[in-house]
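Numbering of the sequence shown is given in our numbering, commencing with residue 1 and proceeding in unit increments.
Hint data in this document are derived by calculation from the structure and do not stem from the laboratory.
Any given hint could be a false lead.
To be verified - Calculated lysine-lysine pairs in the PhoX-like style (CA-CA distance at most 20 angstroms, straight line):
#1 K27 to K64
#2 K64 to K47
#3 K151 to K136
#4 K64 to K98
#5 K47 to K100
#6 K98 to K151
Claimed, not checked - The calculated label-pair distances, taken between Cβ atoms and stated as ranges, are:
#7 P127 to A32: 48 to 56 angstroms
#8 A68 to Y102: 44 to 52 angstroms
#9 N25 to G91: 32 to 40 angstroms
#10 D55 to E87: 44 to 52 angstroms
#11 E57 to L35: 18 to 26 angstroms
Beta carbons are placed, not taken as given, at the ideal position from N, Cα and C, and that holds for glycine.
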Amino acid sequence: MNPEDVQASNETNAAHPAEQLAQANEKIARMASELDELQLEQRLTHKLAAAGVIDLETAVLVAKARLAGRAPAHKTTEGERGRSPYEEMDGCVAQLRKEKAYLFGGPLETAGPRRTVPVKDRATTSPAALEQAAQKAAQTGSRADLHHYLKLRRNLL
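Work the whole structure out from these sequences, hints included.
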């Protein structure tokens, strides 16, 4: 840049300070609203993850849409106390868990009986073991080998 360009830009900057101030204020307001949205999404993500959501992205989108559809809850109307955005999020997560339970895992704590006898889990056999058992049953033709293969297949599938 040559000195004339610098001087010209300084003159234009000095000529329109009110316009620059308005632009700066507008940019600050826009950035503040974006920051608020990101903080809301982050808090919502943490609350949904703590609630045991399976599909986090879908749950966040649904919850954000519900929160956006509500009136601003932190503003009070005559005679009623407004709810904070955190209370709104908690209520939204609870309602989402109630209405769309398929987005969440099973119950957090089940009070059912636990296994007392050591039992193998169903998915302990691998597909390779299943193939080996199938080949062995096909080669030998033994009923015991066929029974073993079918048992593995039932437990795997």
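To see whether the hints hold, each was checked on the structure:
1. In summary, the hint linking K27 to K64 is not supported, as the alpha carbons are separated by about 24 angstroms, beyond the 20 angstroms threshold.
2. At most 20 angstroms may separate the alpha-carbon atoms for a hinted pair to count; K64 and K47 meet this at roughly 12 angstroms.
3. Proposed proximity of K151 and K136 is supported: the alpha carbons are some 14 angstroms apart, at most 20 angstroms.
4. Proximity of K64 to K98 is assessed by CA-CA distance (about 16 angstroms); at most 20 angstroms being required, the pair is judged to hold.
5. With a CA separation close to 16 angstroms, the supplied pair K47 and K100 stays within the 20 angstroms bound.
6. A C-alpha spacing of about 39 angstroms is found between K98 and K151, which places the hinted pair above 20 angstroms, so the restraint is violated.
7. The given range of 48 to 56 angstroms is respected by P127 and A32, whose C-beta atoms sit roughly 54 angstroms from each other.
8. Remark: the range hint 44 to 52 angstroms for A68 to Y102 is contradicted by a beta-carbon distance near 22 angstroms.
9. In this structure, N25 and G91 meet the distance hint of 32 to 40 angstroms, their C-beta atoms being roughly 34 angstroms apart.
10. One distance hint, 44 to 52 angstroms for the beta-carbon pair D55 and E87, is violated here, with the actual separation near 25 angstroms.
11. Checking the proposed 18 to 26 angstroms range against E57 and L35 shows it holds: the Cβ atoms sit about 21 angstroms from each other.
Hints 1, 6, 8 and 10 from the earlier list are contradicted by this structure; the remaining hints agree with it.
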